[in-house]
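Participant: Take the given structure of chain A and dock chain B to it, following the hints.
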Amino acid sequence: MVYLTRIEHFNAAHRLYNPDWTPEQNDEVFGKCANTNWHGHNFELFVTVKGIPDPATGFIFDAKKLSVIVKERIIEKLDHRNLNLDVDFMQGKLCSIENLVIGIWNELVPALPSRVQLHCLKLVETPKIYVEYYGDKFP
Amino acid sequence: MSKRVAVYRKEHFNAAHRLYRPDWSAAQNEKVFGKCALPNYHGHNYELIVKITGEPDPVTGYVVDMKWISDLVQAQVVERFDHRNLNLDTQEFKDLNPTAEHIAIVIYDLLRPHIDSKQDLQIRLYETPRNFVEYPAQ
Numbered sequence: 001m002v003y004l005t006r007i008e009h010f011n012a013a014h015r016l017y018n019p020d021w022t023p024e025q026n027d028e029v030f031g032k033c034a035n036t037n038w039h040g041h042n043f044e045l046f047v048t049v050k051g052i053p054d055p056a057t058g059f060i061f062d063a064k065k066l067s068v069i070v071k072e073r074i075i076e077k078l079d080h081r082n083l084n085l086d087v088d089f090m091q092g093k094l095c096s097i098e099n100l101v102i103g104i105w106n107e108l109v110p111a112l113p114s115r116v117q118l119h120c121l122k123l124v125e126t127p128k129i130y131v132e133y134y135g136d137k138f139p
Numbered sequence: 001m002s003k004r005v006a007v008y009r010k011e012h013f014n015a016a017h018r019l020y021r022p023d024w025s026a027a028q029n030e031k032v033f034g035k036c037a038l039p040n041y042h043g044h045n046y047e048l049i050v051k052i053t054g055e056p057d058p059v060t061g062y063v064v065d066m067k068w069i070s071d072l073v074q075a076q077v078v079e080r081f082d083h084r085n086l087n088l089d090t091q092e093f094k095d096l097n098p099t100a101e102h103i104a105i106v107i108y109d110l111l112r113p114h115i116d117s118k119q120d121l122q123i124r125l126y127e128t129p130r131n132f133v134e135y136p137a138q
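Which chain is which? The protein sequence lines are A and B, in order.
Quick note on my numbering: the first sequence kicks off at 1 and runs consecutively.
Quick note on my numbering: the second sequence kicks off at 1 and runs consecutively.
Hints listed in this document are in silico derivations from the structure and should not be mistaken for laboratory results.
Not one of these hints is a red herring.
Below, a list of computed lysine-lysine pairs in the BS3-like style, where the Cα atoms sit at most 30 Å apart: (1) B:Lys35 / A:Lys64; (2) A:Lys93 / A:Lys128; (3) B:Lys118 / B:Lys51; (4) B:Lys35 / A:Lys77; (5) A:Lys32 / A:Lys122; (6) A:Lys122 / B:Lys10; (7) B:Lys67 / A:Lys32; (8) A:Lys128 / B:Lys67; (9) B:Lys51 / A:Lys128; (10) A:Lys137 / A:Lys64; (11) A:Lys32 / A:Lys128; (12) A:Lys93 / A:Lys77; (13) A:Lys71 / B:Lys31.
Derived list of chain B stretches under chain A, where covered just means 3 residues or more per stretch with a C-beta under 8 Å from a C-beta of chain A: (14) 39-48; (15) 79-86.
Derived list of chain A stretches under chain B, where covered just means 3 residues or more per stretch with a C-beta under 8 Å from a C-beta of chain B: (16) 4-16; (17) 39-47; (18) 77-87.
The structure displayed is predicted, hence computed values, not measured ones.
In this text, a Cβ means the ideal position worked out from N, Cα and C, and glycines have one as well.
If we strip away everything but chain A, and leave its shape as in the complex, we get (with noise of 0.2 Å):
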């Protein structure tokens, strides 16, 4: 089995709230993250798929392509965009990278043809924190 990884990126606001609690309880969970007025990072989004090369052309899946869908299908919804406001697959949903992963991978996999395997995203907040999403569903 070989893996094949694409990283985009993309810069984007957000806050991590409950709506469900006071700004009080929200400032002690959350601190700085729960900013009324939003944060932001630049994300990076690591798509690894994984395969046996194809004999004919050597690859699993070509690369560009994999590029091209996931912009369509992920990149333009979240660039430049307000996470918690802007995308609908977060309507409802807390917008914590944990949360925003398990989203795209919903997202991209009906996207990408049958024969591509996504076998993991890697969703990179800031140089010290990422999340790794394999599709496992929750019991």
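Facilitator: Here is chain B on its own, set in the frame of chain A:
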């Protein structure tokens, strides 16, 4: 011959902003600033590099104590801008478009009064890994 050495300190802050002029129409703002003008803001991990040039102190061997610079930048810049909305939450950008250029100038003006006048100060600010500015320009 004087031996001047440049010392660099890196700090960072994560902030939301948008680029627009309030006296322009939405169409004009979009034409000039593109996606950067979107009304619900977007954001960046800003990386700040503060460069101070001077002669090493003959007693300590320091141009400047790096811990002192770090504390200064934390107090003057990071406290003001980190996890904030530059357009809405800061005095400095209340009436100033928070382009990387303007942010670099503002940071310079915040730090300059605290740095020895015999030393040079330069700010390099990365808005993204590919876009960065320097002030003063050499």
